[in-house]
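Based on these hints, arrange chain W on the given structure of chain Y.
Sequence order for the protein chains is Y and W.
Here numbering that gives the first Met the number 0 is used: the first residue of the first sequence is 0, the next is one more, and so on.
Here numbering that gives the first Met the number 0 is used: the first residue of the second sequence is 0, the next is one more, and so on.
Hint data in this document are derived by calculation from the structure and do not stem from the laboratory.
The model shown is predicted, which means the values in this text are computed figures rather than measured ones.
Note that CB positions come from ideal geometry on N, CA and C, so glycine has one too.
Each hint should be verified, as a subset may be incorrect.
Heads up, simulated DSS-like pairs for lysine-lysine below, C-alpha to C-alpha not over 27 Å straight-line [said to hold, decoys possible]: (1) W:123 x W:76; (2) W:64 x W:177; (3) W:71 x Y:29; (4) W:204 x W:223; (5) W:64 x Y:242; (6) W:123 x W:204.
Between beta-carbon pairs, the in silico distance windows are [said to hold, decoys possible]: (7) Y:39 x W:86: 19 to 29 Å; (8) Y:270 x W:38: 52 to 62 Å; (9) Y:24 x W:29: 24 to 34 Å.
Far from chain Y, some chain W residues (derived; all Cβ distances over 12 Å) [stated by the list, open to error]: (10) 24; (11) 31; (12) 76; (13) 90; (14) 106; (15) 113; (16) 182; (17) 188; (18) 205; (19) 226; (20) 227; (21) 233; (22) 239; (23) 241; (24) 252; (25) 259.
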Amino acid sequence: MAEEVETTGAEKPPGLFASILQNLEKAFGKTVSDVGGVSVLGWDVLRWAIRRPYRLAILFGQLDFVGVGSILIVCLTGSFSGMVFAHQSVRAFQMFNAESLVGPTVALTITRELSPVFTALMVTMRAGSAMCTELGTMRVTEQVDALETMAVNPVQYLLVPRVLAGLTMVPVLAMLFDICGLAGGFFVAVMVQGVSAGTFLNRTQQWLDPEDIAEGLIKAAVFGLTVALIACYKGYHARGGAKGVGQATTDAMVQSALAIFILDYFVGVLLHS
Amino acid sequence: MTDTRTAAPRAPSDEAAARPMIEVIGLHKSFGDHHVLAGIDLAVPEGSTAVILGGSGSGKTVLMKHMIGLLKPDSGKVIVDGEDIVPFGPQELERVRRKFGMVFQGAALFDSMTVYENVSFPLKEHAKKLKEEEVREIVRTKLGIVGLKGVEEKFPADLSGGMRKRVGLARAIVLDPKIVLYDEPTTGLDPITTDYVDEMILDAKRELGVTSVVISHDIASAFKVGDQVAFLSGGVIVEHGPPEQLRRSEQPALKLFLQTWFGKY
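Next comes chain W alone, as it looks inside the complex:
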């Protein structure tokens, strides 16, 4: 177990940056007759932030759940840190999941626990040798990273949507994961809070050096936080590259998606 108090931010070398931390190859998934993912290929280099952009119901969340092993594909591979996790059983998946932190759309905080209990939960599960005072110090540090102070004894119901997301991020990074997944982090937030959450994602990358995958339909946020953006439509990734490349893309579905946004704003 990494000592979370002393772990330095991981700054990947140029060589390491080229190595994909997550690689999805030929991924297919159907629910009944609905073919949600129809052959996804995607590589996320270590230390980078990839945004998966797409409309509602395009399969973004399904793709993310495959990355962390919450869903099994019908066919295809999901390689995390060099290991194909598709054939893994529950115990092997638990080991792989310790490399991840995940921020959920609705934060998914345990509503019967205080903020402190929520953020310290992964530590108490997986770093049992730490003393209570050490746990308290780590929780204070992580809450500081996401810009929260003095909220440890509050319950999630007492917090605003933006604060809950920040507590969710603090919980996600408390074990210093290699990868952080963000599920629709800015959905339902006002523009100022959205901007704050974007900065929070960028800060987490800068300060902790994590590989991040963000799924979103918020184009402005996607272009702000993403090193690369993949546009998902019809169960496949139709365009993938740096934000500027997508902005100039002639791909019809993406063009329509972007026009709706830029036409509106």
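Isolated chain Y, as found in the complex:
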């Protein structure tokens, strides 16, 4: 820093430390601005969601796109997550002759953690990216301005159905993930690796409480709301043509994934407190 103060001639490029600090400052400022922007958008969506007219046809279209459209990918992810988790658990518990714990371990991990996190990630990649790109394209081609000039509120028309679809469909898909994950785990543990079916089911029933499933579903709702808001925020405020839309979508995907993992910790702590 002393070097910089003494410099009087041609401007020197900032040192490595100064450059890292500048980038951190910029990233921090952008994060604060984005968090604020998403929060304000969330409030706007809430205000417009309760006002007439209620656009049920558009809402059902989004429920279909986010929910029904994601069934296959969530089923596949859930099944293979359960299968691989059971496979690894059986190998680990065999070392202690504790294969009876495979069922509850798979069930608790899937319902509490894997289901909400993986479901939200899948919805982010499939539906969040599409939402962001569609809204971004509408923004840069003035279709959003066109809605406003036709006295149609774009938040109510475009964002409310998408956010409601994220909020409601991710928990529904998480339930499906639970079922597929448990079925996959049962198949590998019992059919492939020879754990007793009775032990697997009895121990799972003994350890798995409705609260565990509820915890996963609450997390899924929080993640669904968050990723839909981030996708909508980034797309709705996209600028600068095709490149801007691409950048907005990249930002939306990265920020949604980060938000899922960060919120997973805090919501988990909050629910256990």
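Positioned in the frame of chain Y, the structure of chain W alone reads:
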């Protein structure tokens, strides 16, 4: 809600013609350090066509967006049909916007909808009592006014640039607005299509009696369609009047702008 099937073209009386439908007073707008509009004063009489002429980046689109309430000024007034819309909130602005139709530079058609769905969109939003057959008839009539037939089931991607602009105009006039705004209507079009779009603007005025505001940097079009032309430069209107007055103007920025054009053609 006006019955769009029976609404007669509005022919303003001499007295009404003198009344400004849009009045902009002392409008200032900055984006960061860039002072885009530095005190705009403009009045557009009812039933007339005003063209706002200026180079790229001169603030024409910004001025138009203020007229319809898409942007809030730093200071100044925007009076539409007797009401200052600057202090209006979203709901009041929605009411005011129903007086407008807007044709965008790139048409801004909803690309996931067919031509029919695009043109009928404002009707389905704001004239919900109309039956589907009535909506279909109005859409057919409006598409006829802009010279389009048999395109109802096509998507915007299947249309040429000129056709998209015409569909954009049909959508803009489907609710029989009092005011139609045109954002660079002839940009990017070939001379024949440009001429067609100019005629379309003149037809819309003649047949519907609307007040029109056109922003453009196309001098030939501006002089053809405008009852009055305002030249925007450096954030202010430096010359304003009938086309002939601007043609004879000695204002340096305008003279240079016109010389470039007439020297070229």
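Status of each hint after checking the structure:
| no. | hint | result |
| --- | --- | --- |
| 1 | W:123 x W:76 | violated (32 Å) |
| 2 | W:64 x W:177 | holds (17 Å) |
| 3 | W:71 x Y:29 | holds (25 Å) |
| 4 | W:204 x W:223 | holds (13 Å) |
| 5 | W:64 x Y:242 | holds (24 Å) |
| 6 | W:123 x W:204 | holds (24 Å) |
| 7 | Y:39 x W:86: 19 to 29 Å | holds (21 Å) |
| 8 | Y:270 x W:38: 52 to 62 Å | holds (58 Å) |
| 9 | Y:24 x W:29: 24 to 34 Å | holds (26 Å) |
| 10 | 24 | holds (22 Å) |
| 11 | 31 | holds (14 Å) |
| 12 | 76 | holds (20 Å) |
| 13 | 90 | violated (9 Å) |
| 14 | 106 | violated (9 Å) |
| 15 | 113 | holds (15 Å) |
| 16 | 182 | violated (8 Å) |
| 17 | 188 | holds (17 Å) |
| 18 | 205 | holds (23 Å) |
| 19 | 226 | holds (23 Å) |
| 20 | 227 | holds (23 Å) |
| 21 | 233 | holds (25 Å) |
| 22 | 239 | holds (25 Å) |
| 23 | 241 | holds (28 Å) |
| 24 | 252 | holds (28 Å) |
| 25 | 259 | holds (28 Å) |
Going down the numbered hints, you'll see the structure goes against 1, 13, 14 and 16, while the others check out.
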